[in-house]
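Peer 1: By my numbering, the letter at position 15 of the first sequence is numbered 177, and the numbering carries on one by one without gaps.
Hints are computed from structural coordinates only; laboratory data are not their basis. Every residue, glycine too, gets a C-beta built ideally from N, C-alpha and C. It cannot be assumed that every hint is accurate.
[Claimed, not checked] DEER-style ranges, computed between Cβ atoms:
1. Gly237 with Thr408: 51 to 57 angstroms
2. Asn198 with Gly554: 50 to 56 angstroms
3. Asp395 with Lys459: 17 to 23 angstroms
4. Pro170 with Ala511: 41 to 47 angstroms
5. Pro178 with Asn198: 27 to 33 angstroms
6. Glu354 with Pro334: 26 to 32 angstroms
7. Pro170 with Arg351: 25 to 31 angstroms
[As the list claims (entries may be wrong)] Only pairs whose alpha carbons sit at most 30 angstroms apart, straight line, appear in this in silico DSSO-like list of lysine-lysine:
8. Lys555 with Lys533
9. Lys565 with Lys533
10. Lys555 with Lys537
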Amino acid sequence: MELITKAPKGTRDLLPGESEKWTAVENVMADEAELNGFAEIRTPVFEHTELFLRSVGETTDVVEKQMYTFEDKGGRSVTLRPEGTAGVVRAMLEGGLFNGGYPQKYYYKTTCYRYEKPQAGRMRELHQFGVEMFGAAEPAADAQVVAMAVSIFERLGLWGDVSLSLNSIGCPACRAEYHKALRAYFSARRDELCETCRERLDRNPMRILDCKSPVCGEIAKGAPKITDYLCADCAAHFEKVKSLLTAAGIPFAVDPGLVRGLDYYTRTVFEFPSAKYGYALGGGGRYDGLVEEIGGKPTPALGFGLGFDRIMLAMLEKKDAFPEEGRAEVYLAPLGEAAAEKAFLLVNALHRAGVAADTDLCARGLKAQMKYADKIGAKYTVVLGEDELAKGKAQLKEMKTGKTKPISLGDDFIDAYLTAVTSAEDIGF
RNA sequence: GUGGAUAUAGCUUAGUUGGUUAAAGCGCCAGUUUGUGGCACUGGAGACCGUCGGUUCGAAUCCGACUUUCCACCCCA
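Given only the sequences and the hints, what does the whole structure look like? Please build it.
Peer 2: Now the structure itself:
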């Protein structure tokens, strides 16, 4: 088989067999979000480029080299969203949703686009589940958002494969002080640092803290810690977040080196790293300055994003994570044209009654039909041949046990069927 | 963006120093049972060996480019 083209690099199809599993996981996330009072929001896949420049930050890697930016036919510069938060903030402001009272809570499942070099768990089209909360400045909001993410991991059976890392990167005021101290410390030993870290020194000195080079790591051990530079308000906020999480029985590790790649974060930041996979399955934090940056009134806000592709990689490894479900409850196996027509009508009636039913569409023999019924996981089968049509009666067979029970094919078929399957023991199954 | 691997039926793979019709298991279709699935047996369909080009009498096999996937960085979800 020769195709004219393939799925573009870093993208993939979700085929039947896998798509149901994605939906199942999405439903857990959406359910947990709704449990916490979050409502679904959907925003465009592309936005004005300016939005991401202002929100994500012009010096970040995401903006500098990973955005799918192009000019549309009207000469506007637009960009496929590289992350979910900016569009939601824009929509919240544009729609005047803040007039609905605070806090505003939204969740979404979307695709994001980044021009990356693909690897396992790293796609150019990446699927993300995210939540955003606006108008809540209290530490309890941080704790609730973190707890919600933890709860999702628990419900998916992944808590244990991932853990919670927590940090506070302070407000712009205390972070400026910290950067100054950090630069002073690393500049003194600049020549010992690796090449990338020397660049980091200018761009974002906090990144040196989690450099994997042994030399830099050793130097970083003695570096000043952000938590020592937090202003009184930020420090108190962080303490309260930690104590709430502890009270809720959620284990976490404070990681002073935890830095996020997007510029808009303030105060609480967190990630869900996985030692097993070597990357984080999700992360988020507070971004109290972003709403104002985009043109709204100063509004405290926070959220997180979960990497769907990565979560699914982990889920697909787990046995029994997705129970097998049949694609049909009952299969009608007609023999011959007259029977096929009858089967079509009965299946149609079953569908109208809300029963997942299927029948032959390939003019196959009985044996092949029974195999098919087995393959699609049908719980019951009914063979429709000349005898059955003539008598107006057939045998309803329970596949698991092989037992059968007579069933009428007349106008009362639906009633007879429903009675038979809802009281299986009464009819002798 | 840097460095390194990879590519053979739908899937997982074999293919020895280049040599006729590229092999197996699973899956798919059919038969063994004129009308009852799972098991077993038999048969069948299915691959221009990632693409293009080069070396050669001859290339799945050697060389080059491109593409894909994967790994380590960078970065991130």
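Peer 1: Now tell me, hint by hint, if it's right for this structure.
Peer 2: Verification of the hints:
no.	hint	in the structure
1	Gly237 with Thr408: 51 to 57 angstroms	54 angstroms, holds
2	Asn198 with Gly554: 50 to 56 angstroms	55 angstroms, holds
3	Asp395 with Lys459: 17 to 23 angstroms	20 angstroms, holds
4	Pro170 with Ala511: 41 to 47 angstroms	45 angstroms, holds
5	Pro178 with Asn198: 27 to 33 angstroms	31 angstroms, holds
6	Glu354 with Pro334: 26 to 32 angstroms	30 angstroms, holds
7	Pro170 with Arg351: 25 to 31 angstroms	44 angstroms, violated
8	Lys555 with Lys533	23 angstroms, holds
9	Lys565 with Lys533	17 angstroms, holds
10	Lys555 with Lys537	26 angstroms, holds
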